[in-house]
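Q: Chain by chain, the residues:
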Amino acid sequence: MSDHLSISEGHHLPVAGCKNESLYAIGARFESPDALLRATAALQKSGFSCYECHTPYPVHGLAEKMRLPKSILSLLVLGGGVSAILIALSMEIIPTSFIYPLVVDGKPTNFSALPQFIPIVVALTLMIGAVTAVIGMILLGGMPRFNHPMFAWDLFERGASRSFFIVVEALDPKFTTASVTELLQDQGGLDVTAIHQETFEEGARDLKASDKE
Amino acid sequence: MSTLTTNAEAVTETPDLSILERPPQVLNNRDPHWVTGAVCSIVEGKTPLWWWIGFSISATLAGIGGACILYMIVTGVGVWGSNSPCFWAWDITNFIFWVSMAHAGSMISALLFLTRQKWSISIARVSEAMTVFAIMCAGVYPAIHIGRVWFVWFLFPVPNNYGMWPNFSSPLLWDVFAVTSYLTVSSLFWFAGMIPDLAVLRDRATSKIRKFCYGIVSLGWLGTARQWRHYEMMYVLLAGMTSVLVVTVTTIVSSDCATSVIPGWHATIFPFYFMVGAVYSGCASVLTLLIPLRLAYPQLKDLVTPSHLDKVCKLLLFMGSCVAYVYIMELFNAWYSANAFERGAFWERFHGLAAWYPITCLSINLIVPQLFWFKRVRSCLPLVFVLAILCNVGMWFERFMIVTTSLIHDLLPSSWHIFHASIVDILTATGTVGIFFTLFLLFIRFVPLVNMSELKATLPGSQAHHATEEEGNRLKP
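These protein sequences, in sequence, are chains U and V.
Oh and the first sequence: position 125 is 125 in this note's numbering, straight run, nothing missing.
Oh and the second sequence: position 349 is 349 in this note's numbering, straight run, nothing missing.
These are computed hints drawn from the structure, not numbers from a lab.
There could be a bad hint or two in this list.
[Unchecked claim] When the alpha-carbon atoms are kept at most 30 Å apart in a straight line, the in silico DSS-like pairs for lysine-lysine are as follows:
| id | chain 1 | residue 1 | chain 2 | residue 2 |
| --- | --- | --- | --- | --- |
| 1 | V | 311 | V | 301 |
| 2 | U | 174 | U | 70 |
| 3 | U | 70 | V | 118 |
| 4 | V | 301 | V | 314 |
| 5 | V | 118 | U | 65 |
| 6 | V | 314 | V | 46 |
[Claimed, not checked] Across the chosen pairs, the derived CB separations fall in these ranges:
| id | chain 1 | residue 1 | chain 2 | residue 2 | range |
| --- | --- | --- | --- | --- | --- |
| 7 | V | 46 | U | 171 | 43 to 49 Å |
| 8 | U | 31 | V | 383 | 15 to 21 Å |
| 9 | U | 178 | V | 212 | 54 to 60 Å |
| 10 | V | 156 | U | 188 | 45 to 51 Å |
| 11 | U | 78 | V | 73 | 38 to 44 Å |
Quantities reported herein were computed from a predicted structural model and do not represent experimental measurements.
For every residue, glycine included, the Cβ atom is placed at its ideal position computed from N, Cα and C.
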């Protein structure tokens with residue numbers, strides 16, 4: 001981490017977060033999805049892998065440009081749904097057929113009662129499938145996470161609902177402040193900023209304020 | 001559109017494509033930033049006076065309803081008008097009424113999403129909210145109508161020291177699972193779809209408390225490409241599952257009636273009957289909620305356009321016509337069955353002591369939706385508002401007609417007995433209306449009314465141009 005610090009100190013970028021902390025990434029703002037896609041393609045071409053695009057809404061074609069794999073969420077939901085079917089069937093068959101046979105209206109209690117088990121199987125499958133989908137989306141998306149270096153970048157906070165951001169993380173093997181800054185600026189990136197890990201010290205805010213001036 | 005144009009040019013001279021042009025999703029060429037501001041200003045602005053008035057009225061109604069429920073629990077179900085042979089009356093009527101109303105919300109947000117009906121985006125959030133709150137109101141009744149509320153856990157398959165299990169072959173138990181699953185899935189669909197918008201509110205928050213609260217509920221959403229990828233997959237999956245629920249929940253609820261032998265209930269047409277009625281009353285409720293909302297917040301007029309409301313009206317017309325068809329088929333089936341009890345039940349329904357309920361229901365539901373054939377009716381919003389309320393009144397009478405007028409004319413004429421609602425019945429029912437509007441008003445104040453992220457993604461110019469150009473070039477012969 002201290003390596004990144006020494007790299008960033010030689011550079012005169014606006015800083016988000018506390019300068020005493022390690023460098024998290026270099027971020028840039030883009031005004032249009034076109035510019036974002038072009039910059040992503042350029043990053044991909046230069047061999048960067050540890051970067052992230054922040055958009056206010058899903059931009060078509062971005063995931064393909066970033067070569068992101070298909071979300072595995074559908075597989076998880078399939079697993080959730082299949083286990084829900086098994087849970088529901090055993091929950092119904094074991095009491096009805098074995099431990100507590102209850103004959104009402106002369107309805108069968110053996111396996112020929114299968115059709116009357118279907119409504120609950122459907123309901124439970126949908127319920128557990130939906131719970132898997134939402135929890136899966138939250139966990140796969142790296143949430144819940146309430147502290148993130150990006151929150152220290154006030155420009156992101158102000159612009160997240162309309163602008164597009166590319167953030168190249170310092171962990172990337174090809175990362176050097178100079179090369180990333182140059183690349184982002186070449187691609188039309190605005191407000192190229194060094195983002196440091198967030199701290200909640202008063203000093204950090206003062207520094208940020210003075211940097212803006 | 002650009003793909004279409006390039007293709008057309010390649011073939012022959014350009015034909016007139018203006019008829020293919022869809023009405024704009026957002027009026028007045030608003031940009032994404034305007035959309036954010038317009039939607040967030042409703043939550044961030046000062047609480048208007050009408051909100052406080054509406055909130056106090058609905059909260060009072062809900063409070064009275066709650067007091068009635070408490071009175072019923074400590075006294076017994078005898079405080080309701082229900083009696084032999086009419087064991088189900090306002091409780092199940094209201095349960096079916098509310099759970100049905102929920103369905104249009106699911107249909108608009110899920111089924112129309114899957115069929116890529118982009119116009120539904122602007123009204124989906126309000127419809128989903130209506131769904132969730134209506135199921136909550138519906139959920140009040142099954143829990144309390146069992147009489148001894150402290151035994152409500154008998155409804156669930158909980159291993160217990162009596163060694164007892166519920167009857168899994170009973171539609172009443174299917175109902176428990178259907179409604180629980182419906183509430184869970186639609187709440188999750190509503191909440192998960194809201195996460196990116198709650199993050200926008202978090203970023204815009206000025207006070208520390210606001211930032212903290214929206215920060216917690218938005219779960220640290222950053223809008224990264226990876227998050228969007230999983231989010232979009234989740235949204236499609238949830239929409240698929242919710243679309244199934246639109247059909248299954250009413251089907252299961254209708255089997256409460258259809259699997260019994262009571263004449264007037266014992267009909268195979270019931271699942272469809274309940275489903276079309278459900279979407280019909282739900283469309284009416286969506287209109288009832290959206291039209292005053294547009295008045296209260298003029299910025300919504302560009303987002304929820306007259307064209308959107310027109311489409312809901314058309315959906316209402318279609319479903320209303322299906323309802324009319326079912327009414328006629330039900331009467332035809334009663335006659336064609338050549339079953340004396342079935343025929344007798346329908347004869348008594350329209351000639352008996354409670355004939356005014358079915359007559360009110362039929363006269364509203366057969367006539368009112370048919371007025372929506374006329375464009376002049378559909379475009380006159382105050383009229384649409386009144387007609388939509390009438391449709392819901394008609395639907396309440398329909399649910400009452402199905403539940404009560406069938407029960408009071410059962411198979412044993414000596415037990416026939418007219419039903420009179422008690423004051424507790426009425427106040428509990430208005431209480432659920434109070435609960436619904438209390439929750440809805442809270443929703444207006446604290447949550448973005450329109451799905452901003454999804455709407456912004458469909459605005460002209462919001463997607464990359466060169467992506468579509470590449471696509472167009474690929475399609476060129």
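Q: Hints first: check each against the structure and report whether it holds.
A: Going through the hints against the structure:
no.: 1; hint: 311(V) to 301(V); in the structure: 15 Å, holds
no.: 2; hint: 174(U) to 70(U); in the structure: 25 Å, holds
no.: 3; hint: 70(U) to 118(V); in the structure: 24 Å, holds
no.: 4; hint: 301(V) to 314(V); in the structure: 19 Å, holds
no.: 5; hint: 118(V) to 65(U); in the structure: 25 Å, holds
no.: 6; hint: 314(V) to 46(V); in the structure: 36 Å, violated
no.: 7; hint: 46(V) to 171(U): 43 to 49 Å; in the structure: 45 Å, holds
no.: 8; hint: 31(U) to 383(V): 15 to 21 Å; in the structure: 45 Å, violated
no.: 9; hint: 178(U) to 212(V): 54 to 60 Å; in the structure: 39 Å, violated
no.: 10; hint: 156(V) to 188(U): 45 to 51 Å; in the structure: 59 Å, violated
no.: 11; hint: 78(U) to 73(V): 38 to 44 Å; in the structure: 43 Å, holds
This entry does not satisfy hints 6, 8, 9 and 10, going by the numbered hints stated previously.
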